[in-house]
Structures are given as structure tokens and as C-alpha cells.
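J.: Starting from the known structure of chain A, fit chain B onto it as the hints suggest.
Protein chains: 2
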Amino acid sequence: MSKKPLILVTNDDGITAPGIRTLIRIMNSIGDVIVVAPDSPQSGMGHAITVNDTLFVRKESIDNGPQQEYSTSGTPADCIKLAKHEILERIPDLCVSGINHGSNASINVIYSGTMSAAIEAGIEGIPAIGFSLCDYSYEACFKPFESYVKSIVLNTLKHGLKKGVVLNVNFPKVDKEDIKGVKVCRQSNANWVEKFDKRINPQGKDYYWLTGEFVNFDKGEDTDQWALENGYVSIVPVQFDLTAYKSIDDIKQWKFNG
Amino acid sequence: MSKKPLILVTNDDGITAPGIRTLIRIMNSIGDVIVVAPDSPQSGMGHAITVNDTLFVRKESIDNGPQQEYSTSGTPADCIKLAKHEILERIPDLCVSGINHGSNASINVIYSGTMSAAIEAGIEGIPAIGFSLCDYSYEACFKPFESYVKSIVLNTLKHGLKKGVVLNVNFPKVDKEDIKGVKVCRQSNANWVEKFDKRINPQGKDYYWLTGEFVNFDKGEDTDQWALENGYVSIVPVQFDLTAYKSIDDIKQWKFNG
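In the order they appear, the protein sequences are chains A and B. Counted the way this note's numbering counts, the first sequence spans residues 124 to 381. Counted the way this note's numbering counts, the second sequence spans residues 124 to 381.
The following block holds chain A by itself, in its conformation from the complex (with noise of 0.2 Å):
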């Protein structure tokens, strides 16, 4: 019987991808891999599941890795249950997601498919990590952080991670000798400012368009965008306990009526 480390693997930008194909291929050098991914694209799907529509699990062979393949109709939260639940036969020791194409640090932890694939892997029980590179190109280079993303996941075999813990890891958009190392990090107070790209369809409606522009309004030093911009790798600890414990006090004072 194997003694390898069981690894599940899935991303957001749908399981063709660069940055997944990467993450297999480097996670083929660790154990023993099976990938349940979307069969498209499902960047800014946050952490939706799909309830009120079927679900369609495929077996693919996209390359000759050793890897065993599952695209699925699904969102990337869809993924890790359909893989818990009707896929794998064991619980898999580490769940990673992406590498994804475009930064998740700061707030965009909140939108973000990669993340919350990890996020319900941890839910789940099973350590999880999303890698992010802060390029959105589908032709991005992941090749400079190979490395990284080989000795964070054998450091969180190693070390476990905490019960409703998991990891946010990005990386700046640097070539290989500009990456100062890694930095263990909080999440930066930065924002989309939105703006909306308003035009007029062939029928003479309104419609819009999502845009923005991403302002960072913290000066810490010690956040994930300060890193990323300072040419470190970012390594946020993530938890799902959304509990504002320092407001309950406070908000205990008040007064009700029924």
C-alpha cells in the first residue's frame, strides 16, 4: 500500500487551465494525486454551491501524468464535496486549489473561487491551500515558484494546520531572482473601488459592465499586499469562524423589544 500523502487538487479558472496543470505536475513529485476541478471557468464564483441544478462529474485524461481526473459541472466549493462524497475512498490528507490566475490576497479572499474550494476542504476537515500568482494572464509564468509552492505544502504536511485554519498563499509577479522569500502575513484592509462600464445593447438597453480598481488603505507592513508589492511570497492563515468576538460585548449592551 502506498505510504504517499493522498492529495486533492481543484481550482477555480476550470481544470484545463495553466496554473492547475502546473500544481498537478508538482504535486505528482509529493503523492498521490486526484484532481476534481471545474470544466470551465469559475473565477469570482466566492463560495457558491450549486442547489437548485444538477451536477455531471466526467473522467478525464488531459495529459500522461500518473493523476486520476474529474472535470465537473460544478463550482469549485461543488468540487471538494463531490470529491469527498462520491469521488475519493479515503479522506485526502491535503487539499490544494488553483494555482490561480490573479491575486486572492486582501479582500479578494472574499470573492474568490480558489479560496473557497480550500475553505470547504477545511470545512471538511482536510488541511487546505489555494496558490494564487498576481497575474491574471492565462499565459502567466508559474515557473519561479515551483519551489515555493513544493516546500509550503511539505511544510503543511509536516506541521498540519490548525482545526479551521487554511492557507492563502500568493505570489508577486516577479521573476525568480526578485523573490525575497516568504512572509507569514494578515489579510491587507484593501478594497475595490468599482466602476461600472454602463453601454447600450442592439435593442437600446442599458447594460453594464463590472470594473475596478484595487486600492490598498493599509499602511501595515505586516499584510499580504505590503509582501506581495516588496517581491515576498504571502502566506495568509485563513479561518471560517466569521464571529466579530471584540463587537459581541458591545452589541450585548443594547436594547430590544420583542
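Bear in mind the hints are in silico, worked out from the structure with no lab data behind them. Misleading hints may appear alongside valid ones.
As the list makes no split between identical chains, a pair holds if one copy fits it or if it spans any two.
To be verified - SDA-like mimics (lysine to any residue), calculated; alpha carbons at most 20 Å apart, straight line:
id	residue 1	residue 2
1	K303	S274
2	K285	Y368
3	K286	Y368
4	K286	Q362
5	K306	E269
6	K306	Q376
7	K328	F179
8	K286	I371
9	K369	G287
10	K328	E183
Predicted model only: the values in this text are computed from it and were never measured.
T.: Same frame as chain A, but now just chain B:
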């Protein structure tokens, strides 16, 4: 000029759902109301945003109330962005989302379109509350909770909320006389134990429906789930800084090779 607060109302069950119609009516007794809500149900959409599709907005007139109403083709989070940037002339004093037909207590906050709208408003700097009733029925009875909605809204307008905090309010499915009061709580450590209902379509292909059972692993009496099971209205202050601060120092001890 009106001195009344400007209140933005949205939901994830769609603009015609009984829950939002109830919420609009209550808000009309407190302030000037603008509704920007999805034109169709969006349950389970999590914090999805629409980045790869167009967005449409339509002026609506659904009942005889004084509110202004707009439906959009987007998700609950899209509704908040569209409201702020394209519809409202000033920043609202409050955003309320719901009343959801179904619980958003415990881990449901992660999957909830209702709460993603409130969180999106919070990110935009607007005090926000998501309201949900632990009854999934379209015919759910909201009447017993109307005075609580009003009281929680008035308290929030009076006291304000800390930056980065929004409220997740859930109502138990009980009669008015059985409501025990209001509890300010933490998010319960509960979970969905999924089951997939596997079927075969007319073309002979397997497909799945996601189903599941909600299981509360948390024995604490300070949780939202405990409060609801014991007849209390639960209020959890929710934050969108997901950093697991307690894990930062642990992970800083790891040795990374680049």
C-alpha cells in the same frame, strides 16, 4: 430635505419573495427606502460577483409602498455594487438584506447570498444587517419577528457598528409568544454532512443533486445555533477580515526553501 435615514434593501430570494416584501414594509416605517434586489432567486450564491457577464437593471413597481425599487440580473453582491455606484445618489445609512427564507446561522453564513450582500455593504463602508428566518418555506410566517427587525435596525442606526463588522440575525421558527428574547452569539461550529442524490438522466448519464443534513458539533451555549434551538433570536457580529491571527506565529516558525 428628509432627515429620515436612507435604507438600502436587498436579498437573495429575489425581489418578489415574501421575506423582502416584509422587510421593505418595516423599513418604510423607519426611513427612505431604496430596493435593489435580484430579479430571480440566488440562494447558495455565496459571495459570487458577475465578472464574465453583462448586468441589467430595471426600475420596478411591485406594490403601492413609497419605496423606490430596482431589480438586477446580478447576484446579491452585484446588487450592492450597482446600488452604490449606479443607482443611489448618496451613501445609505444602512443596508438590510433578507428576510431570508431559511437559516443563515452557523456555517451557512459562508454559503449565504443574504449575508454576502450584507458583507459587501460592510466592505463598502455601509452599516449592514442580514436577516433570516429558520423556515425554508415560501409561505413562511414573518409576522412574529417584525418588531424584532425594527428594534435591531433602530439599535444599529443609534449605536452604529464597528468598521469591518456586520450583523447576522436569525429568527427561530416559533410562534410570537414562544420567542424568549435576543441573544448576541458566536457562530456555532456546525456543518453540513452532504449526501448526493445520484440519478440517471433519460440519456443514461449519471447526475447528482446536492442534499445534506445539518449537524451541530458545538455543545456551547453561547452559539447562534443554541440560541435558535432554544427559542431566541440570534445576532452574530460578523467580520470579513478572515485572518486567523492565532496561527501567524506558528507558521512563522516553518522553514521554507525557495
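J.: Checked against the structure, which of the hints given earlier come out wrong?
T.: none
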